[in-house]
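Visitor: Protein chains in written order, with numbering that gives the first Met the number 0: chain A, 0 to 491; chain B, 0 to 255; chain C, 0 to 452.
Honestly, I wouldn't trust all of these hints.
[Unchecked claim] Taking lysine-lysine and the DSS-like style, the derived pairs with C-alpha atoms no more than 27 Å apart in a straight line are: (1) C:Lys427 / B:Lys111; (2) C:Lys427 / A:Lys356; (3) A:Lys464 / C:Lys368.
Derived by calculation from the structure, the hints in this document are not laboratory data.
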Amino acid sequence: MKENKDITEKEKREEREIISDATGGEYKYGFTSDIDTDIIPPGLSEDVVRHISAVKGEPEWLLDFRLKAYRHWLTLEPPTWAHLTIPPIDFNAISYYAAPTKKNTPKSMDEVDPELVNTFNRLGIPLEEQKVLSGMAVDAVMDSVSVKTTHREALAERGIIFCSISEAVREYPDLVRKYLGKVVSYRDNFYAALNSAVFSDGSFVYIPKGVRCPMELSTYFRINASGTGQFERTLIVADDDSYVSYLEGCTAPMRDENQLHAAIVEIIVEDRAEVKYSTVQNWYAGDAQGRGGIYNFVTKRGLCRGDYSKLSWTQVETGSAITWKYPSCILAGEGATGEFYSVAVTNRLQQADTGTKMIHIGSNTRSTIVSKGISAGHSQNSYRGMVKVDKKAEGCRNYTQCDSLLLSPTCGAHTFPVIDVANSTAVVEHEATTSKISEDQIFYCNQRGIPTEEAVALIVNGYAKEVMNKLPMEFAVEAQKLLEITLEGSVG
Amino acid sequence: MSEELLKVSNLRAGIDGKEILRGIDLTIRPGEVHAIMGPNGSGKSTLSGVLAGDPRFTVTGGSATLGGKDLLALSPEDRSHEGLFLSFQYPVEIPGVTMVNFMRAAVNAKRKYLGQEPMSAAEFLKMMRQKRAVVDLDNKLASRSVNEGFSGGEKKRNEIFQMAVLEPRLSILDETDSGLDIDALRIVAGGVNKLKTDNNATIVITHYQRLLDYIKPDFVHILYKGKIVYSGGPELALELEEKGYDWIKQQVDGEK
Amino acid sequence: MTAAESFGQYLEIVRAHGGSKCPKAVEGVVREATERLPRAIEAYRHDPEDLDSCRADRIYAPDYAVNLDGVTMNADVAASFHCGVPQLNSLLCVYVNDSVHIPCAGKLPAGLEIYPLRELPEEYHADAAALAKNTSDSPAGLIDTMLMTDGFYIRVAAGAVIDKPLQIVNIFNSTMPLYTSRHILVHALENSQVKILLCDHSQTPQTAHLNAETVRVVADNGSKVELYDIEESSPATSRRWLLEATQHDSSNLTVCTAFLRGGITRNEYRINVVGDGADTSLSGLAICTGSQIADNRVTLVHRGRHCRSRQLFKNAMFDESTGAFGGKIIVEEGAEATDAVQTNRNMLASPSARMLTAPQLEIYCDDVKCGHGATTGQLDERALFYMQSRGIPRHEATMMLTQAFMSDVVDNISFEVLRQRLHVLVEKRLNGTSGSCDTCAAACRTNISKEEQ
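Isolated chain A (complex conformation) (with noise of 0.2 Å):
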């Protein structure tokens, strides 16, 4: 017996090594590029925001909108409530403000410093159209500032626009000034109002009526200033009749310190127009011992204010040092429909808090909730929710399920979800498991040849499977690429 035991001990203590070769993994993406940058110095002032608006030659009701926003967030403090332990983060100690030299928007790519379509080539991103092969649109936002879109000819063809916010807000100031802060107001949090005061650059998308987005639109972004935080903001407008799928995509170089992510996504969907929001995010998670990595504190809405909308979020959260982000559904319009599908990965001492709020205001909504979380190492994984039905909602619906799997015997996995039901023609149902990796599973696959690390992955792929399923092709490749380095024989 006793020797039995022993082996046992002897095969925990190698399991263990696997986990800490694989967690020892390095960083692919973990490079900087020598960009020359503009950093104003680091701080927050009324100064600092006028200064961002003037750099950006914006208009005085944006400069109102920011300063507004900056005086509402000196009354907040950051959130507390959320299963995360937050180290305090020095506002002042943030550039707000990072941006490659090159002043305007290339014409050509010759135009574009070459380090910087090397950056984006390391990354995968392919900034030379003639690259493309993908049939994707590409707007690659490089610390704060937009650098080269993709494809917009092809898209201008049908009335889409697609560029960097900034530009929106030269080129059609009307549509953005409609549209900015309605869905994520700067009112709304701590880093929402942050951001809205000083948000540098994001994309900006319109679909007309009756449009359906030729190809898959893309945002690549990726912070490689050091000292310096990113705040993007992403506005996509889907009008009547419109489809659009759009993907994001994140990396950082790897650093000691923290960077500030925080960013807003704000969707609006009208009369059964669709958008799908899809995410890879994979920016820089610390190394073993929890030093340095990115804090992604993201505010992302979509208003299904049309009747028969749809809005779909599938997220792969692979990246970050700490992830706080709830991509969430207002269901307005009648029948309008609201989906979010999650992979959040977890390794180290990773923390991630995500989850969406699904609010049904509209008669006949629908929604459905698919959460996978998977944590290994010391991380903590928390999957946080709401489902609230307006006393007003006739005949709504909700599924919602939420799975948690445990790799390691020292992480942490969380269900943090709220169900409020104020019409009682409503059925809202809730599923959630967690549990451990299936012994059997690894064995079986073990039996069959299969080395621990490699039935690892296999068993979290299939467990992960119906979300990766929602990711446009392209992206599903990467993404199960990514959960295979993150976890690569994270058996505990």
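Starting from the known structure of chain A, arrange chains B and C on it as the hints suggest.
Guide: Okay, now just chains B and C, sitting in the frame of chain A:
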């Protein structure tokens, strides 16, 4: 024999804004057995649902009376009290409600409607025993939840058992033969025949002739596209069995 | 006045009175709670967005009297009470407002001891103090401890199996609004077994009553404790019920609460499973009409290994009632092979009813099987139509289906006489007739039919 038990005139009804019944006329007198046949989707189950007051359907026109009373103005329970019984195509399972409690509530509600005193427990149990014999229903089923875990045959026998207890003036058997093997079919049909009197009437809704070998109809109606397109005697069912529904479809669609 | 202001007033009243007259055994506990109270009140934040917070304001709105000197209420009231559970043949204890009566004192079976805290033998003082200790920072809870003028101490000797159920009848009888702080301390020693039934009644249903009852249980190794609670009070009652239980190795705790009548009820369950191989079963049902509020909050902490827990809570909400369920399962690091399941099912039967659910899992151990399911919906329309088509009026069909909806909670009760009785009480509640009044000489007659209009 000449008074009308059920009179349906130009009845129109639908579901979710889609019209399914497009003007049904049907008169049934006590002692009669009517068969309503028709291809899938012709509106057979809609007709039975509308007569019983199924809230899924909306009546858009026409009238229906039972013993001279405006059926369409009554709640489903009052239609039952007035003597209308629907044997469901898919009897509903009600977990947690025992058959005994269910039937006692039904019997006493009817007695109350008729201004009678509620039945004593002993009387009620005695009646249950008697009525069970009609369809040879297992005593064990009575203590179980309504239809929960019943086999297809048991469910249908349970329907006829309830019919026996409630003693309706007009019974509508909606596809009672579906999902039954030959033995169960015989028992169910035998039950229906035992309950037949000169004062009550039966509507048998079916897709196949099979059930009509056991429950002999006096009249056969063919429902197609929400209308009764053909009425005749028992020979019409045999003709259908032989030729199928296509000749009806051709004839009706051809007329247009 | 807000709840926070009320808290401050109770503290002032007690201070002005030079403290309340508390039993000697728990002096230290009461002093400690009183000392911590000012800071707890300071830390208390009113949040207008929070349902709890708003409710607290409502609960503390009446100007309740408090019985600081522990004046004993007439025991005749207790004598006139007859149990609504026939054939129960229980060992009867009575709380009249906040005075303890033990009519069964002379008839206790071997192994069972029951004392009023005021008359507790010296040898049990330390045990009672350990049981009564209030570790929470809730100002409301600390005030309850501060106001402790008496309570029950129940001790089940090692190995003793008490077959006869122990019943504690809580009776409210007062013509002025009253805050009663009730305390029940239960210590089940090794391998002992005991069943306790609590029931709430109001003989003066028009009078506002703040019924604060704290039940603290320690279940030693191998013990088995069953606790049942039936609330049949009045709409003028606000109830705060707290069960705090600690479970040691292989202990077994079964709890079932039934909210049948009342005003605002909040039942809080804090269960600490510290031992290995323990089994916990928590269940509750609430049938709410009028503007009633029923709120069940569970915090179940698994520290021991190989433990199993099951929770089943059901709410049926009529009229303008509000229901809430908050369930938190915490599995601590090292609590291997925990198997925890929580189920919450709710039915909204009226357009103005509301249900708030927050089932939560906090898992810090990987070798676990945990799950929760929560649904909010309505009765099956097909079943309703089927029943109507058999002549059962819609209203009656609704009641029958609601009763069926609740039946699995009741069926969970292994204590047969009580299970049967509770089925009847639920049925009577749904039929609108008063449950116990036909057998109860106290004849408090909560006017249920009026409530349901």
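Visitor: Could you run down the list of hints and mark each one as holding or not?
Guide: Hints, verified against the model:
1. Our distance criterion of 27 Å between C-alpha atoms is met by Lys427 (chain C) and Lys111 (chain B), whose separation comes to about 19 Å.
2. Between the alpha carbons of Lys427 (chain C) and Lys356 (chain A) the distance comes to roughly 40 Å, so the proposed pair goes past 27 Å and is violated.
3. Between the alpha carbons of Lys464 (chain A) and Lys368 (chain C) the distance comes to roughly 21 Å, so the proposed pair stays at or under 27 Å and holds.
Hint compliance for this structure: hint 2 alone is broken.
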